[in-house]
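**Student:** These protein sequence lines map, in sequence, to chains A and B.
Be aware that the first sequence starts at 1, since it is given in this note's numbering, and climbs by one per residue.
Be aware that the second sequence starts at 1001, since it is given in this note's numbering, and climbs by one per residue.
No lab work stands behind these hints: they were computed from the structure.
Be aware that one or more of the hints could be misleading.
[As the list claims (entries may be wrong)] Derived lysine-lysine pairs resembling DSBU-like cross-links, with alpha carbons at most 30 Å apart:
no., chain 1, residue 1, chain 2, residue 2
1, B, Lys-1203, B, Lys-1367
2, B, Lys-1421, A, Lys-447
3, B, Lys-1286, A, Lys-344
4, A, Lys-386, A, Lys-79
5, B, Lys-1087, A, Lys-347
6, A, Lys-421, B, Lys-1421
7, B, Lys-1147, A, Lys-129
8, A, Lys-286, B, Lys-1286
9, B, Lys-1344, A, Lys-147
10, A, Lys-347, B, Lys-1421
11, B, Lys-1347, A, Lys-286
12, A, Lys-147, B, Lys-1129
13, A, Lys-112, A, Lys-59
14, A, Lys-79, A, Lys-378
15, A, Lys-147, B, Lys-1147
16, A, Lys-154, B, Lys-1147
17, A, Lys-147, B, Lys-1006
18, B, Lys-1147, A, Lys-6
[To be verified] Beta-carbon label-pair distances, calculated as ranges:
no., chain 1, residue 1, chain 2, residue 2, range
19, A, Arg-359, B, Pro-1278, 54 to 62 Å
20, A, Glu-127, B, Ser-1148, 21 to 29 Å
21, B, Lys-1276, A, Glu-63, 32 to 40 Å
22, B, Asn-1329, A, Met-423, 49 to 57 Å
23, A, Asp-413, B, Asn-1269, 47 to 55 Å
[What the hints assert, rightly or not] One side only, chain A facing chain B, incomplete, derived with CB under 10 Å:
no., residue
24, Ser-176
25, Glu-183
26, Gly-336
Positions of the beta carbon are idealized from the N, C-alpha and C atoms, including for glycine.
Here is how the chains run, residue by residue.
Protein chains: 2
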Amino acid sequence: MQTSKKIAVVGSGLVGSLLAIYLRHRGHAVDVFDRRPDIREVEFSGRSINLAMSFRGWKTLEEAGIDEAIRKIAIPMNKRAIHVVDKEVYFQPYGRDGEAIYSISRGLLNKKMIDLAEEAGVNFIFESKVWDVSLSEAIIYTGDTEKSPWEAHKYDIVFGADGAFSRVRHKMQRSSMFNYSQEFLEVGYKELSIPANADGSHKLDKNSLHIWPRGNFMFIALPNLDGSFTCTLFLPHEGDNSFAALTDEDKVKDFFEVYFPTINDEIPNLIRDFFKNPTSALVTTKCYPWVHGNTVALIGDSAHAIVPFYGQGMNAGFEDITTLNHLMNVHGDDWGTIFQEYQKERKPNADAIAELSYRNFMEMSSKTASVDFQLRKKIEAWFSSKHPELWLPLYSRVTFSNDSYAEALAMGDMQAAIMDKVMQLEGIHMDWNSERVESFIIEELKK
Amino acid sequence: MQTSKKIAVVGSGLVGSLLAIYLRHRGHAVDVFDRRPDIREVEFSGRSINLAMSFRGWKTLEEAGIDEAIRKIAIPMNKRAIHVVDKEVYFQPYGRDGEAIYSISRGLLNKKMIDLAEEAGVNFIFESKVWDVSLSEAIIYTGDTEKSPWEAHKYDIVFGADGAFSRVRHKMQRSSMFNYSQEFLEVGYKELSIPANADGSHKLDKNSLHIWPRGNFMFIALPNLDGSFTCTLFLPHEGDNSFAALTDEDKVKDFFEVYFPTINDEIPNLIRDFFKNPTSALVTTKCYPWVHGNTVALIGDSAHAIVPFYGQGMNAGFEDITTLNHLMNVHGDDWGTIFQEYQKERKPNADAIAELSYRNFMEMSSKTASVDFQLRKKIEAWFSSKHPELWLPLYSRVTFSNDSYAEALAMGDMQAAIMDKVMQLEGIHMDWNSERVESFIIEELKK
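All chains should be modelled from the sequences, with the hints used to inform the complete structure.
**Tutor:** So this is what it looks like as structure tokens:
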């Protein structure tokens, strides 16, 4: 048991509201601050990528007892549907039988989480801007603008769950010995949409994550409950095929006709949405430490914002909560130790999933279109099904297992080195599922 | 020729005041802002490491016609003096005949540069804190505190020469697509001092940079004109031998007696200075872009703060000015192009010297004490003197040449790979300056 504390969570996003539920369950008094209006009362922004909830995310929801409520708004996707120009769509299973990732609308999930948090007794304070934090005293300062008079709010503990451009972290960054980096990707993104058929059914296979890989750019589509798909165009900001180059309606139309002829027909509002929805940037942020004494901790994107190509941003943030929760079981009221152990355990894993997510852009946008890559995945799946104790594919370890991200990265690199050799074997395209290949991999694993 | 502009330089440090001189020479109206008092009117802080001016720094001073004035306050150091416990001091020449780096007191140099800038017509505004910058309009905002009323100052161009924790960069960092990192070293430093003998002479060889290498920490001493040495203890912040562990007089005395028995006698004010002078942190910062349109540019530490172990921080900042100056010659009033070319040319070089400086801590604090390392340096010097056209040692390329830092890093890595092989040659300690070794290196260079 823990002594009841007065706790502020800055940020009412997915991680902030779920953390608040966990803290309420332990009897703490929890205020959640957000600079934006209540997401339940405004139209959602048109700049979001659908979420892919996987094992780590579900686990955190289960331990809070709210997974069933969330499953009702989730659609399982058990495979990639790969759309290469002038070819039949190709389906690539994500895992073994029944393993799937779950498409959820970010807006819908966030609303639901805030409802559940309020039911649990969390107090939300919307449209309240946090400008500064006294780290050692756990005081947060709110006000209309950075220069207007501020109001001080005293707590025992403050969590910064305020996202990639966290104000809480911003304050920590100004203290000495705080390591920090932010790195923007040359690729940005824009939300688009494929509506449902007239009868409410989906225009594309409902249980797939659809990818149109085009080299240094791609288009993806994730299903929604109402028969629509939330789509994302990932495209360089600058250069030949880029957001900067798509300056008028004709250019956008031409671009989609050339590169995405099949989906072009499915998006009636393409032009309207393209110019209405903002072009967003993608950033990886890293920092250390994540905590200040026993008073302040960063969690989720504020500690480790990553690019979305592994579908693990939310899952990684939720896993932060799982770790914190287990440490609260072990260390009770010793928040100093809880926070130290928390950052020590999570930091290497956050760095690993950042690296894996960064790499996965090339996998999704380019490699998925390659016949060799598809064979490689087939060999891995075949070997793994024959020897599940010897080989868990990287994607499965990240998405369907409990293993740490750091371990997944290390094992994945080892496996990739072996698969590089396998793909060099003479005649591998002919006998990829032969005894020869099987014993070759087993020998390599022994090294 | 350039049309006269109204230019603000934020920061009156070495790079800021030298840049101001260059800009005045071109006829611009230049205001230099600094949040601190005039360095000429206050006691200097006790937290500085003596500077080592080398080729790049001198070149920038020469092109401004002020090198002679500065040479008067500089002491040439043509070698390292390496003090290993229980051994005679060992001298390692830095370059070929006459090549030296120059010890200069940071405070003295900064005062001199401000004098020279004022003579050139630069206007200094001290104790004026810049809090914000309108990047596109080149307006800077000053005020007593971040929340007090601010005064706006409109310019044509603003240079941020305001150091590792630049406020100008801070504003750029809040715009999208700005990459930034700050990484603190586990090693910090403290300024100490060895006074002159009673007759004003130096207690140690005057023309050496003295190093007491002790593995993961070290002590260095650089000569001053008045017979004293400015010394720096580099030591981990935390751990067994660390600043955190040296909590009282006895512990400091013991530490110096064990690790620095010879210098211990030379520092009468050791204890006083140790507890009076602050322990400072060392940080590497990187960012990109360095410029905003044709209105704002970062220069020196604000664009690329590095750790001091190659003695290149100031030299790299001065080389930024050399590059800018050459680009002003070529592109005249086209400041947009000047700024674009400036950042494109300097960024890879800033990254390279950051990497080299980081690596050089281990070279100074640990490798200099090793017999193998000393032999390695001897072989390089010998081969280089026989074949100057084939081999310029890394240290010389960085310190005594015009070659870009990026080139130095690449060539240095290539040479290191060859020297690794040379040191593996059977009996290398016996015949290190033989024909066999000579032809081995020549063959390797051909690969």
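**Student:** Now, for every hint given, state plainly whether the structure supports it.
**Tutor:** Hints, one by one, checked against the model:
Taking the CA atoms of B/Lys-1203 and B/Lys-1367, the gap is near 25 Å; set against the 30 Å cutoff, the hint holds. Proximity of B/Lys-1421 to A/Lys-447 is assessed by CA-CA distance (about 27 Å); at most 30 Å being required, the pair is judged to hold. With a C-alpha separation of about 25 Å, the suggested pairing of B/Lys-1286 with A/Lys-344 holds against the 30 Å cut-off. A threshold of 30 Å between alpha carbons decides the hint, and for A/Lys-386 with A/Lys-79 the separation of about 20 Å falls inside it, so the pair holds.
Annotation: proposed proximity of B/Lys-1087 to A/Lys-347 is violated, straight-line Cα distance about 44 Å (limit 30 Å). For the given pair, A/Lys-421 sits about 29 Å from B/Lys-1421 by alpha-carbon distance, which is consistent with the 30 Å threshold. Restraint check for B/Lys-1147 and A/Lys-129: the C-alpha separation of about 16 Å stays at or below 30 Å, so the hint holds. Of the pairs offered as hints, the one joining A/Lys-286 and B/Lys-1286 holds, with about 14 Å between alpha carbons and a cut-off of 30 Å not exceeded.
Pair hint B/Lys-1344 plus A/Lys-147 does not hold up; C-alpha atoms about 36 Å apart against a cutoff of 30 Å. Note on A/Lys-347 and B/Lys-1421: the hinted pairing is violated, with a Cα-Cα distance of about 38 Å set against a maximum of 30 Å. Simply put, B/Lys-1347 and A/Lys-286 have alpha-carbon atoms about 21 Å apart, close enough for the 30 Å limit, and the pair holds. A threshold of 30 Å between alpha carbons decides the hint, and for A/Lys-147 with B/Lys-1129 the separation of about 16 Å falls inside it, so the pair holds.
Annotation: proposed proximity of A/Lys-112 to A/Lys-59 holds, straight-line Cα distance about 17 Å (limit 30 Å). Restraint check for A/Lys-79 and A/Lys-378: satisfied, since their Cα atoms lie roughly 13 Å apart, inside the 30 Å limit. The suggested pairing of A/Lys-147 with B/Lys-1147 holds, with an alpha-carbon distance near 5 Å, which does not exceed 30 Å. In summary, the hint linking A/Lys-154 to B/Lys-1147 is supported, as the alpha carbons are separated by about 21 Å, within the 30 Å threshold.
For the suggested pair A/Lys-147 and B/Lys-1006, the alpha carbons sit about 29 Å apart, so the restraint of at most 30 Å is met. The straight-line distance between the Cα atoms of B/Lys-1147 and A/Lys-6 is roughly 29 Å, inside the 30 Å bound, and the hint therefore holds. Remark: the range hint 54 to 62 Å for A/Arg-359 to B/Pro-1278 is contradicted by a beta-carbon distance near 42 Å. Distance hint for A/Glu-127 and B/Ser-1148: a CB-CB separation of about 26 Å, consistent with the stated range 21 to 29 Å.
Hint check: B/Lys-1276 to A/Glu-63, Cβ distance near 53 Å, so the stated range 32 to 40 Å is violated. Taking 49 to 57 Å as the suggested C-beta distance range, the pair B/Asn-1329 and A/Met-423 conforms, at roughly 54 Å. For the pair A/Asp-413 and B/Asn-1269, the beta carbons lie near 54 Å from each other, so the given range of 47 to 55 Å is met. Interface restraint check for A/Ser-176: the shortest CB-CB distance to chain B comes to about 5 Å, inside 10 Å, so the restraint holds.
Restraint check, A/Glu-183 versus chain B: the minimum CB separation of about 5 Å is within 10 Å; hint holds. Violation of the interface hint for A/Gly-336 is found here, the shortest Cβ-Cβ separation to chain B being roughly 16 Å, above the 10 Å cut-off.
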